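Please put together the full structure from these sequences, using the hints given.
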Amino acid sequence: MNRVPLGYPEPKLFDLAKISTMNDISDFGFLLYLTSIERFSKADVETIIDILKKKDQSKLCWFLTESQSWRDLVEKCSGKLFVVISSEVKIGVHWSCPHCTFINESNPETCEMCGLPKIH
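By full-length UniProt numbering, the letter at position 73 of the sequence shown is numbered 73, and the numbering carries on one by one without gaps.
Treat each hint with caution, since some may be false.
As the list claims (entries may be wrong) - What follows is a list of derived Cβ distance ranges for each label pair:
1. Lys-59 / Thr-110: 44 to 50 Å
2. Gly-115 / Glu-46: 35 to 41 Å
3. Lys-118 / Gly-29: 21 to 27 Å
4. Lys-118 / Ile-37: 28 to 34 Å
5. Gln-68 / His-99: 31 to 37 Å
No lab work stands behind these hints: they were computed from the structure. As the structure is a prediction and not an experimental result, all values here were calculated from the model. Where is the CB? At the ideal position from N, CA and C, for every residue including glycine.
Written as structure tokens, this is what we have:
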């Protein structure tokens with residue numbers, strides 16, 4: 001990743017096997033990531049959001065122990081998951097390519113990495 005030298009956040013590590021509280025699961029970047037996982041249905045994500053809205057710790061415990069999609073995710077990721085919280089970058093003349101996310105250090109009309117056009 002070329003983001004670290006520019007001072008952008010490193011991916012955050014989530015230890016899925018240890019998530020047990022509302023605070024653990026309420027990270028926006030993590031919730032956004034869950035929406036992109038094929039094994040997680042829209043209903044699964046809506047269940048998590050509903051749990052967070054109602055602050056229902058007992059339902060969260062149920063979901064983390066009984067949900068097949070959650071167990072599959074924990075197993076697939078060996079319990080640990082890295083999530084990048086922010087992928088949009090706009091500082092000085094740096095810009096993040098909307099196609100490949102490479103951070104370009106100059107201001108051309110095309111990405112230095114993939115060659116696709118900058119979207120204004």
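Margin query: Within 44 to 50 Å: is that where the Cβ-Cβ distance between Lys-59 and Thr-110 falls?
Written below: Holds, at about 49 Å.
For Gln-68 and His-99, compare the CB-CB distance with the range 31 to 37 Å and indicate the outcome. holds, 35 Å
TODO: Kindly confirm whether 21 to 27 Å is satisfied by the beta carbon distance between Lys-118 and Gly-29.
DONE: With Cβ atoms ~25 Å apart, the hint holds.
- Task: Evaluate the given range 28 to 34 Å for the C-beta pair formed by Lys-118 and Ile-37.
- Result: holds, 29 Å
Practice problem: Take a look at whether the Cβ-Cβ distance between Gly-115 and Glu-46 falls inside 35 to 41 Å. | Solution: holds, 39 Å
In summary, this structure violates none of the numbered hints.
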